Amino acid sequence: MNRLGLFLLLIGCLAAAALSVAAGKVWVPLDAWTAADPRSIIIVELRLPRTVLALTIGAALGLSGAVMQGYLRNPLADPGLLGVSPGAAFGAVMSLYFGYAAQAWLLPIFALAGAATAMALLALIAGRSASLVLFTLAGLVITNIAGSLTALAISLAPTPFVASEIITWLNGALTDRSWDDVKLALPLALAGAAILATTARSLDALTLGEGAARSMGVDPRRLQAAVIAGTALTVGASVAAAGVIGFIGLMVPHLVRPFAGNRPGAILLPSALGGALLLTLADAMVRIAPTVSELRLGIVMSMLGGPFFLALLLRMRKGLA
Amino acid sequence: MSLSVETLAVTIGDKRLLNEVSVAFASGHVTAILGPNGAGKSTLMACLAGLMQPTGGRVLLDDRPRGDFERRDLARRVGYLPQEADVHWNVDVATLVGLGRFPHRGRWGETPEDRDAVTRAMAATDVGGFAKRGVSTLSGGERARVLLARVLAGEPDWLLADEPLANLDPAHQLDGLDALRRVAAAGAGVIVVLHDLNHAARVADDVLLLRDGRVVAFGPPDQVLTRDLVAATYGVDTHVGVAPGGRRFLIPTERLA
Numbered sequence: 001m002n003r004l005g006l007f008l009l010l011i012g013c014l015a016a017a018a019l020s021v022a023a024g025k026v027w028v029p030l031d032a033w034t035a036a037d038p039r040s041i042i043i044v045e046l047r048l049p050r051t052v053l054a055l056t057i058g059a060a061l062g063l064s065g066a067v068m069q070g071y072l073r074n075p076l077a078d079p080g081l082l083g084v085s086p087g088a089a090f091g092a093v094m095s096l097y098f099g100y101a102a103q104a105w106l107l108p109i110f111a112l113a114g115a116a117t118a119m120a121l122l123a124l125i126a127g128r129s130a131s132l133v134l135f136t137l138a139g140l141v142i143t144n145i146a147g148s149l150t151a152l153a154i155s156l157a158p159t160p161f162v163a164s165e166i167i168t169w170l171n172g173a174l175t176d177r178s179w180d181d182v183k184l185a186l187p188l189a190l191a192g193a194a195i196l197a198t199t200a201r202s203l204d205a206l207t208l209g210e211g212a213a214r215s216m217g218v219d220p221r222r223l224q225a226a227v228i229a230g231t232a233l234t235v236g237a238s239v240a241a242a243g244v245i246g247f248i249g250l251m252v253p254h255l256v257r258p259f260a261g262n263r264p265g266a267i268l269l270p271s272a273l274g275g276a277l278l279l280t281l282a283d284a285m286v287r288i289a290p291t292v293s294e295l296r297l298g299i300v301m302s303m304l305g306g307p308f309f310l311a312l313l314l315r316m317r318k319g320l321a
Numbered sequence: 001m002s003l004s005v006e007t008l009a010v011t012i013g014d015k016r017l018l019n020e021v022s023v024a025f026a027s028g029h030v031t032a033i034l035g036p037n038g039a040g041k042s043t044l045m046a047c048l049a050g051l052m053q054p055t056g057g058r059v060l061l062d063d064r065p066r067g068d069f070e071r072r073d074l075a076r077r078v079g080y081l082p083q084e085a086d087v088h089w090n091v092d093v094a095t096l097v098g099l100g101r102f103p104h105r106g107r108w109g110e111t112p113e114d115r116d117a118v119t120r121a122m123a124a125t126d127v128g129g130f131a132k133r134g135v136s137t138l139s140g141g142e143r144a145r146v147l148l149a150r151v152l153a154g155e156p157d158w159l160l161a162d163e164p165l166a167n168l169d170p171a172h173q174l175d176g177l178d179a180l181r182r183v184a185a186a187g188a189g190v191i192v193v194l195h196d197l198n199h200a201a202r203v204a205d206d207v208l209l210l211r212d213g214r215v216v217a218f219g220p221p222d223q224v225l226t227r228d229l230v231a232a233t234y235g236v237d238t239h240v241g242v243a244p245g246g247r248r249f250l251i252p253t254e255r256l257a
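These protein sequence lines are chains A and B, in that order. Per full-length UniProt numbering, the very first residue in the first sequence carries number 1; after that it's consecutive. Per full-length UniProt numbering, the very first residue in the second sequence carries number 1; after that it's consecutive.
Honestly, I wouldn't trust all of these hints.
[Said to hold, decoys possible] Covered stretches of chain B (in silico footprint by chain A; criterion: 3 or more residues with CB under 8 Å from a CB of chain A, positions within the stretch not fixed):
id, segment
1, 47 to 53
2, 61 to 75
3, 96 to 102
4, 115 to 128
Hints are computed from structural coordinates only; laboratory data are not their basis. Source: prediction; values computed, not measured. A virtual CB, placed ideally from N, CA and C, is assigned to each residue, including glycine.
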């Protein structure tokens, strides 16, 4: 993608961030935090961490989606496909199920443990062969297992309250997040992003298929390790801080791909910026929308993502026919 | 520059895909690998390209075992054109050919040498006219040339091509054979898996016949593409003739019991 495109995306992110800080049930002008304005606490303690989280998680999900699609050479791939995000969600659900959520710091630890377990399982099943097909199938199996275990936890929930709490968690949101959540998610997401950024050139080589890429000097095991670790960190951190927010990783790479000449390595940075922009904007919108209670961000993204996925499928079918 | 295999063996389970294969390939030559389905042609190519570890014997590059070389160094010396011609993303032709510079590229992106090599490769395969087109808009013949240009852009000492002429019409097959000849004439060693005996007769300096993972014969086409050796390799009787211009041709006539 050219510099102008990246610049526009960056401007978009800043504008969305400004909107996100100002928007809500109470509109707060951006200069309120400089004065000894009582509303400054809304900005500094509520809106700002929420905005930083939206930017972080959006970027993490967009980037990991772009890497997954490039790695699996499958335009329908999404971090969820790997099983990492469902694994993280199941971890979080377990902490809710056992009532540990009362301790705020336990839920993130459970979510990260879930992501790490899913990652370790993947490495165990698919690690030695490093074949893409096996890797994808292993991811699908883990997704299914995590999903059914989560469903089991819901149906066995000791009280209706726990069940509703779990369901609420599964529909991710950024409501009432604090700087503590930022402190947890940001460093992990940054570490994951740094690892994912190293895969760019290998993803380009994979355009020609696994054999050609290996013959050009791509080390398949190192690439797979980087993809697993980077995805687990970015997605695990995101789920820990906000629950499950789907489809960002699917949608954003498609939206930026034509502007980057379809080269998989060239869409990583635009996908991160685009993800940040999309999620921050969507999070501002759920606060602005004139509903009685705030719309759940995860539900809104699914409602956007479902039709997008369908349109994508129909377009691909036309291309194949 | 030398590339050879010594007593190469590949065994998967109790199946022997390659058995005691020893061949020294010549640079500046086109070596055609022929044999029936399951003879071990692609397995041999995979060993040469480093995609498969032999269970016995070794692959020597410049008289050193393959494993002694760094991954990147190997990739610069040996270019591999796989049988699958899939291009997974609709990048433009120039970008795709540029991927061939992957083993040469430094940390800081494209150098003038990279650009020159890409330009030369595109000229050699005559794809410069559609450098900006997306790969998905190309015809089969155009795509085959672009994929060959990708390998040539890496300027390898050795070009390994696994059935590069499959799915091409006769005119494009002749173009492909001529392109391989030019690569060899420029000094590189070309090793190509072919299915058509006549293609081998046309293009090859050396022919390697494989059957059941073993070498049946290795040598110049007029010594190897004979009625007896073809019968021993494929189990078919052939009519061998000489076309006007002195080139030999082979027509399989019937299956031998």
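Against the structure, the hints come out as follows:
With 3 residues having a Cβ less than 8 Å from any Cβ of chain A, the segment 47 to 53 of chain B passes the three-residue criterion, so the hint holds. Only residues whose beta carbon comes within less than 8 Å of a beta carbon in chain A count, and the segment 61 to 75 of chain B has 4; three or more means the coverage holds. Proximity of the segment 96 to 102 of chain B to chain A, defined as three or more residues with a beta carbon under 8 Å from a beta carbon of that chain, is established by the 4 residues found. Here the segment 115 to 128 of chain B counts 0 residues with a CB under 8 Å from a CB of chain A, which misses the bar of 3, and the coverage is violated.
Checked against the numbered hints above, the structure violates only hint 4.
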